[in-house]
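Engineer: Numbering that gives the first Met the number 0 puts the first residue of the sequence shown at 0, with every later residue one more than the last.
By construction, these hints were calculated from the structure, which means they are not laboratory data.
Please note that the accuracy of each hint is not assured.
Have a look at the derived ranges for each label pair, beta carbon to beta carbon [what the hints assert, rightly or not]:
no., residue 1, residue 2, range
1, Asp-146, Arg-16, 49 to 55 Å
2, Gly-99, Tyr-137, 29 to 35 Å
3, Asn-149, Gln-31, 57 to 63 Å
4, Arg-123, Ala-77, 44 to 50 Å
5, Tyr-137, Arg-16, 30 to 36 Å
6, Ala-154, Asp-96, 31 to 37 Å
7, Asp-110, Asp-146, 48 to 54 Å
8, Glu-132, Glu-103, 23 to 29 Å
9, Lys-119, Asp-96, 23 to 29 Å
Computed from a prediction, not measured in an experiment: that's the story for all the values here.
We put the beta carbon where it would ideally sit given N, CA and C, even for glycine.
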Amino acid sequence: MASKLQPDQSNDLLCVRKGDEYCGYRREYLSQNLSKMEERFVACKRCSGIMREASLCKGETTCLACSDTPKQPNPVKAVQDSIRVLGIKCPLLRDCDWKGELSEAETHLKDCLFFLIQCKKCKRIIPRGDEGEHEMSYCPKRIIRCDYCNNRGKAKH
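Just need the whole structure built from these sequences, with the hints factored in.
Structural biologist: Written out as structure tokens, the structure reads:
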């Protein structure tokens, strides 16, 4: 079944969206240019993304989300295998220099230090790599000890 929208930004960064579903992977993060032959083999004819869940429908290979038929996967293994090993750069490429295979991209984003997350205490959006420093020094809802009375309480700026 095609992936429904989740509050997970990694899909928004990596995938083309069609209504409330994610279709193919975005091309701009591929670390190599595709030949015309590769392009015909791995690109969805409908959303133009790199097929995420390749499905055969009426002789045409498309993303499962782009298929006209009920959302029953009819996977095309050769296509799926070819797509999984395509080289990709981190979608946060202004900051992150990670490169790997497309099959590793979602896992990378779960660990990427530049991926934006929400502070559990104050709900501000911060890079994952700054989480510890934010919680210790900058979070307005962090717990601190008063230098005068030694009591603990929320920081106030």
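Engineer: Next step is simple, just say for each hint if it's right about the structure.
Structural biologist: These are the hints, each one checked on the structure:
1. Asp-146 - Arg-16: 49 to 55 Å: holds (51 Å)
2. Gly-99 - Tyr-137: 29 to 35 Å: holds (32 Å)
3. Asn-149 - Gln-31: 57 to 63 Å: Distance hint for Asn-149, Gln-31 holds at roughly 60 Å.
4. Arg-123 - Ala-77: 44 to 50 Å: holds (46 Å)
5. Tyr-137 - Arg-16: 30 to 36 Å: holds (33 Å)
6. Ala-154 - Asp-96: 31 to 37 Å: holds (34 Å)
7. Asp-110 - Asp-146: 48 to 54 Å: With a Cβ separation near 37 Å, Asp-110 and Asp-146 fall outside 48 to 54 Å, so the hint is violated.
8. Glu-132 - Glu-103: 23 to 29 Å: holds (27 Å)
9. Lys-119 - Asp-96: 23 to 29 Å: holds (28 Å)
Checked against the numbered hints given earlier, this structure breaks only hint 7.
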